[in-house]
Structure formats: C-alpha cells, structure tokens
Amino acid sequence: MIPKRLRNFPIHLTLVVAVIVFVFPVYFAFIGSTWDASLIGRGQMPLTPGPDLIANYTNALTSAQGGRIIGNPVQALLWNSLQMAVAIAVGKIIISILSAYAVAFFRFPLRMFFFAMIFLTLMLPIEVRIAPTYKVMSDLGLINTFAGLTIPLMASATGTLLFRQFFLTIPDEYVEAAKIDGAGPMRFFWSIVLPLSRTNIAALFVILFIYGWNQYLWPLLITTSRDMETIVIGIVKMMGTGEAQTDWNLIMASTVLALLPPVLVVVLMQQWFVRGLVQTEK
Amino acid sequence: MQRRVVFNNRILPYFLLLPQLVITIVFFFWPASQAIYQSVLKQDPFGLRTTFVYLENFSTVLSDPLYIESIQVTIVFSISVTVFVMTLALLFAVMADRQIRGAQTYKTLLLWPYALAPAVAAVLWMFIFHPAIGVFGKTLNNAGLKWDYQLNGAQALLLVVVASSWKQIAHNFLFFLAGLQSIPTAVVEAAMIDGAGGWKLFRAILLPLISPTTFYLITINLVFAFFDTFGVIHALTHGGPGRSTTTLMYKVYMDGYVNLNLGQSAAQSVILMLIVSVLVWMQFRFVEGKVHYT
Numbered sequence: 001m002i003p004k005r006l007r008n009f010p011i012h013l014t015l016v017v018a019v020i021v022f023v024f025p026v027y028f029a030f031i032g033s034t035w036d037a038s039l040i041g042r043g044q045m046p047l048t049p050g051p052d053l054i055a056n057y058t059n060a061l062t063s064a065q066g067g068r069i070i071g072n073p074v075q076a077l078l079w080n081s082l083q084m085a086v087a088i089a090v091g092k093i094i095i096s097i098l099s100a101y102a103v104a105f106f107r108f109p110l111r112m113f114f115f116a117m118i119f120l121t122l123m124l125p126i127e128v129r130i131a132p133t134y135k136v137m138s139d140l141g142l143i144n145t146f147a148g149l150t151i152p153l154m155a156s157a158t159g160t161l162l163f164r165q166f167f168l169t170i171p172d173e174y175v176e177a178a179k180i181d182g183a184g185p186m187r188f189f190w191s192i193v194l195p196l197s198r199t200n201i202a203a204l205f206v207i208l209f210i211y212g213w214n215q216y217l218w219p220l221l222i223t224t225s226r227d228m229e230t231i232v233i234g235i236v237k238m239m240g241t242g243e244a245q246t247d248w249n250l251i252m253a254s255t256v257l258a259l260l261p262p263v264l265v266v267v268l269m270q271q272w273f274v275r276g277l278v279q280t281e282k
Numbered sequence: 001m002q003r004r005v006v007f008n009n010r011i012l013p014y015f016l017l018l019p020q021l022v023i024t025i026v027f028f029f030w031p032a033s034q035a036i037y038q039s040v041l042k043q044d045p046f047g048l049r050t051t052f053v054y055l056e057n058f059s060t061v062l063s064d065p066l067y068i069e070s071i072q073v074t075i076v077f078s079i080s081v082t083v084f085v086m087t088l089a090l091l092f093a094v095m096a097d098r099q100i101r102g103a104q105t106y107k108t109l110l111l112w113p114y115a116l117a118p119a120v121a122a123v124l125w126m127f128i129f130h131p132a133i134g135v136f137g138k139t140l141n142n143a144g145l146k147w148d149y150q151l152n153g154a155q156a157l158l159l160v161v162v163a164s165s166w167k168q169i170a171h172n173f174l175f176f177l178a179g180l181q182s183i184p185t186a187v188v189e190a191a192m193i194d195g196a197g198g199w200k201l202f203r204a205i206l207l208p209l210i211s212p213t214t215f216y217l218i219t220i221n222l223v224f225a226f227f228d229t230f231g232v233i234h235a236l237t238h239g240g241p242g243r244s245t246t247t248l249m250y251k252v253y254m255d256g257y258v259n260l261n262l263g264q265s266a267a268q269s270v271i272l273m274l275i276v277s278v279l280v281w282m283q284f285r286f287v288e289g290k291v292h293y294t
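Just so you know, the protein sequences line up as chains A and B, in that order. Numbered according to our numbering, the first sequence spans residues 1 to 282. Numbered according to our numbering, the second sequence spans residues 1 to 294.
Hint data in this document are derived by calculation from the structure and do not stem from the laboratory. Among these hints, one or two may not hold up.
Computed list of lysine to aspartate or glutamate pairs in EDC-like fashion (alpha-carbon distance at most 20 Å, straight line) [claimed, not checked]:
1. B:LYS138 x B:ASP148
2. B:LYS138 x A:ASP36
3. B:LYS146 x A:GLU243
4. B:LYS138 x A:GLU176
Per label pair, the in silico range of CB-to-CB distance [as the list claims (entries may be wrong)]:
5. B:SER211 x A:LEU13: 47 to 53 Å
6. B:ARG3 x A:LEU268: 34 to 40 Å
7. B:TYR54 x A:GLN271: 51 to 57 Å
8. B:ILE36 x A:GLN271: 41 to 47 Å
9. A:THR145 x B:SER277: 47 to 53 Å
10. A:TRP79 x B:ASN142: 24 to 30 Å
11. B:TYR54 x A:ALA202: 26 to 32 Å
12. B:ALA143 x A:THR224: 53 to 59 Å
13. B:ASN142 x A:THR224: 38 to 44 Å
14. A:GLN271 x B:SER277: 31 to 37 Å
15. B:MET282 x A:VAL17: 31 to 37 Å
16. B:TRP199 x A:PRO46: 38 to 44 Å
Here the structure is a predicted model, which means the values were calculated and not measured. Backbone N, C-alpha and C fix where the C-beta goes; we use that ideal spot for every residue, glycine too.
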C-alpha cells in the first residue's frame, strides 16, 4: 500500500495551487505598493518588495496626492466606509430583530401579511430598482446624506428570516415561565431573547459588516460630495481608466488598506462568519 | 408556523414592526411601483409632458439590437462565471474535505476572498493584466499574444469573468464544503467497502448527495453575475470596449443615469425584477428540498 503521506500529495498540491491563485493578485498589489510610480509605469516592477513601503502608505493615508492623482486621504475614506458598514450592520440587526420578535411572539391581525411584505424584499436586490429608488431619495432630499447612504440598504428580509427561525426554537416553557413571573414582552425580550440571540447577532454582524463595506453602486449614486466618498469608490476613482502612467503605487497602497479590514474580520471571526453566511442564505 | 404560547398585547407588535415596515415601504414598495408606473410612460424630450404608452417602452427595449446584444453578453458572462466558479469551488471543497493535515488552515486560506468588494477584485486583476505594466499582461504581449483588454472585447469579457469568479469561488467553496461535511460518514464508508473510490465515489455518492447545495448555488451565482458584478465591470471596462462587457445591469445604469432615458430604464428595471423573481422562486423551490436523495 502507498504510504498515506504520498497518497495525499496530489490533494495538497491542488490546495496549495488554489491558495497561491487566491493570494497572488494581492501579493502583486502589495509589491506594487512598495515601489515608486515611475518604475511601475515603465513596466519594470520587480517581483519582490521595494524600498518605498513606508513612504507610499504614509502618502496614501494622509494625502493620497501623487504626480497624476489628487485623491482623498485614505484615512478619511476608511473612516467613511467604517461608519457606513457599522451603521448598515447595526441598523439592519435592530430593525430585523424587532420585527422578527413581533412576528414570532405575538398573534395579531395582518401578521402574515406584514411578514409576506418583508419577505418580498428578497425578490429585488437594490441594484434592480436603483433608478426609481434614486428618484425617491432625491424627492426626500436624502442625496449626499449619511441617512440616504445607509437606510435604504437596511431594508432586507434576511435578518428577519434568520431571527424568526431562531425565535421559533425558543421553548414555549420560557414564555410561560416569564408570564407566571409577571414579565411583560419587553422584559422577556431584554432578559431572555436578546442574550439567547448573542451568537446569531454576532454572526449576522460579520456578514452585514462585509456587505456594507463592499457596497459600490449605491454609494456611487448617492454620494457625489467628496467628503462622503467610501474607500472602494475612492480607489476606483483614483484608478480612472487605468493608464500606464499613473500613481499605481498609491492606488495599490490604498487597495491593500481597503481590503485589510474586511479580510481581517473574516479571518479573525471565521466561526461567526461561516455560521452567518450559511444561516442568512439558507 | 407559529408558536403555541404568545404574548397578548394588541398594539406593541405593530410598534415593533414599524421601523422595518416604514423602510420597506419607502425604499422598496414605493420605488418598485414607481418603476412599474414609469415603464408605461413616455416623457417628451423637454420633460414637460408624459403620456401613457402601454407597453411601448417594453417593445422598444426588447426590439433594440443593443438590448439584445447585452442579453447575449449577460448570458455568456453569467454562465461562464457560474460554471467556472462552481467547478473550481467543488474541486477545492472535495480536496479540503479529505482528512489531511492542515485542513483547517487550507479552509481559512481559501475563505478570505469572500471579504473583497467586486470593484477591489477588479483593481487587483487590472494591475496584473494591464497590457503595458501588468506582470502577466506584459508577459503575454512579449510572447506575441497581443493582449489588450482595453481594445479586444473577448479579452475584456474574459478578464471580467476571471476577476468576478476569483472573488466568488470562496463563497461556493464554503457551501460545498458544508454540504460535503453533512454527508454521514457511514454512507461514504459503506461505499468504500463496496469498492467505490476516487471518481466513482464522487460520481455515485458525493455529487448526488450535495445536489441541493449545487442547485442552490446555481441560482446564487446567477444573481451574483447579474447584479453584484456591476462593480467589476464599472471599475475594469466600463462596459467596453464597444459594448462587449455591457451586461443588462450595466445597461440599466447607463440608460438611467448617464443617458437619462427614464421610461426605457424603468422598463429594463421591470424586466430585471421579473428575472430575479424567477431566480429567487427557483432558489426556494430547490432549497425546500425538492432535490433530495437522502
């Protein structure tokens, strides 16, 4: 029989190749962020890190001004993205946990009608209804506002479905016990339901944070003022049409800075991330 | 489904539902109905008068050769992405599912691209395949292959497919892995005792048992390719060169924002809504366990 180590060799080889294919675009971005722009512009970028790492990252973070690019300081862009991602995640969790609580723990007229209404939002990603939604936003005077940027992205059924599913597994005895002890529905929510939902909230937060951080089309339309620009939009604007003679070192430093936060969230909170992804979609 | 024991308040549940309902109505039902309303109206060039035109916008859109072209682009693009993503993700998942040393490390190293924005993926791939300065783009040109995605439509489409797929594989990998790991080991062991191994085990046991995941992922990937790849296309090719990477989604954006043709953009939105509804319906049908062998 072939020794196990040898038998597993093709498997390891496939996986290592996969990992390399996944990593190399980011590796080259990192290399690009450590050389000077003219060298890259001549098409002579080496395959190993260069001397300008600190200079490039400092420039990107504090001013993002190069020979050809007049960008927004990346630290401001990162701050905008962080605010947007956290607002979307927290807002969505709050409104969906409340609505799921109503649907799961009460019986009232039109309950299923409202639930179906929320459910229907699954049918239409925001991209499909951008033009009319944009019209509504400008009618409401929400263009270029933080509320306009974040609130429409909170309208979604996934959170409500996830929490409702979980609430249905909370034993009836808990509710009965709470009633006997004289706890009202809001007391029950704070003292029992919310603590029990901790892992679900964490899982959902990780997923929604990434969802919010990576928004592209909506911020592109809603924010026209420079000081509301998010990091993803900012990079694409810096890049323009992608000419050879541009400040690629700055663009790549910004790109590395843009992808670090969500990647760190996924890697460091992997358990919650996996749980959240599988639960919100299934 | 409903709990047996519930609270008896009459007003409170409505207050709890209120925030979500307000957002849903204002930012979802209102615009969606506006889209349907706009799609049957026509504005004169000065925006002074609108007339009701029945389904004229739809027939204009559907008989527009540019629209037909973007349907073709979308079909080629989304099928390529779906096939590409699912094949590789399944291969990686089957490998990572084996009991090998470092399985958890491999999993982590294959998961993280999920966190990347599609537009960021586009920036990364542009830097590699830039015809003049990209590490690979330059190599291709030096080898005499005339690589320039800014001029060659087929190459542009290929690059957009690769950048989009690269970002999406991690997601599919995770779901395939979860699907494979939920297969009872007894089933796999029984098959192995009966002499099934390698390819046969995969074809006869694993593939049928994960088919619910497979069908689910097909719809998810189609939705991803239709809509979420807007960032990739907008950053990488702007729908060009020519219209070779203008998908339906990109065309809605162009007609609605850049060309300000509201009626036709709304008609296109309504068509997209119908497509998504069909996809979501398919998704629920399959997830509800219609395709199950266990």
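What are the numbers of the hints the structure violates, in ascending order? As far as the earlier hints go, 4, 5, 9, 10, 11, 12 are violated by this structure, in ascending order.
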